[in-house]
Amino acid sequence: MNIRFYLAVIAIGILLTGGAVPGYCQEPTWEKTQGPSGGFVQSLAFLEDSLVFVGTGNIGIFRSTDRGTSWTHAGLTTIGITTLFIDSSNNVFAGSRHYGLYRSTDKGLTWSQVGLTFLTIHALASDSAHALYAATDRGVFRSIDGGTSWVGTTSSPSDTISLSIAVGPTNSIFCGTKEEGLFVSTNAGEEWDITSLPASTVWSIAIDTETRVLAGTSEGIFRSTDVGASWTKVNEGVMDSTARGFALQPNGNIFAVASPTHLLRSTDGGDTWITFEEPTNAPIRCVAVSPDSFLYAATYGDGVFRAPLELDSWNQVYFFQPGISSLLELPNGHLFAGTPNFGVFRSTDRGSSWHSSSTGMTDFYVYTLAASPSGMIFAGT
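Going by the numbering used here, the residue at position 83 of the sequence shown is 83; the numbering climbs one at a time, nothing skipped.
There may be inaccurate statements among the hints.
[Said to hold, decoys possible] Straight line, CA to CA, 20 Å or less: simulated EDC-like cross-link-like pairs of lysine to aspartate or glutamate:
hint : residue 1 : residue 2
1    : LYS233    : GLU179
2    : LYS233    : GLU219
3    : LYS178    : ASP159
4    : LYS178    : ASP240
5    : LYS107    : ASP87
The hints are simulated quantities; they were obtained by calculation from the structure and are not laboratory data.
For clarity, every value in this text was computed on a predicted model and none was experimentally measured.
My request is simple: use the sequences and hints to build the entire structure.
This is the structure in structure tokens:
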């Protein structure tokens, strides 16, 4: 049994660091690079062409200095990161779930807590005067000193779960909320007005011109061409699914994440959308365009994918080894591996290939695995 255990561990390492994974995006060839499968990635940010940050839902922040080829842990190891933002002074901000906001002034090498303690930070943005805005589960907060101190807004959407925030070229601030609609402020957040957007929950906002605003909602994608005064649904080519994130390309192309896994692209300002077949069954949490013209897609459970903006091929870029906390072999030769933080993986070919097998689990730290005589599998978490 010990021999099988070590052989299985070696097989997992070989697969998760170098095995090929097929996938499609305008009929591309999906290629796995190095590292393990896994990673509940919630957010992405770029400081330079080669410096990439990812925030994970359960084990903090990772940092790559070579465009995702290799990764190192950048701290906040026990904190769930919800959003990342880099300001004009190259300070890196990390919003967290229930632990407020953190800031790094040395490119992610060290972090300090800078307020909004005990709040969940859903999104961050800044205006031309370098004021910062944080969308939280208790409304919108503003900082005029680089995040050192924060003041909450006194009008709506105060004390409202704010999910998204964006600032336009004319400093109009848009805030999307949970079940309360979309708000706009034209005076640095002092006063807010509800817009006419016909959707109550707004997950994401993108502003790509002085007048054009896109809103990703639970009812699909809406667009305004008059700074939020009126709205039109622009779902041609896609289903009415939740739009959770946008990424803007300098040439005007727009990328969107449609829940749970679809990646969309529009080349005409949102009039029409093309759906790309997803690279993974894991939900895509966000997309981002890097300064060197790569599209990154962060997934909840399968790490990070990267592609040139021509979208002819993708590389899957990983950043940590999931480890193995328990191993189970069935009489038919099927193997189950329990991992810390990433649930259960299953192999039906004696360890040559592995796939996530964690659907229905609510706790992904697996301590032990066992099987009943009838073939039922038990996972202790």
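Worksheet item: What hints, given by number in increasing order, does this structure fail?
Response: none
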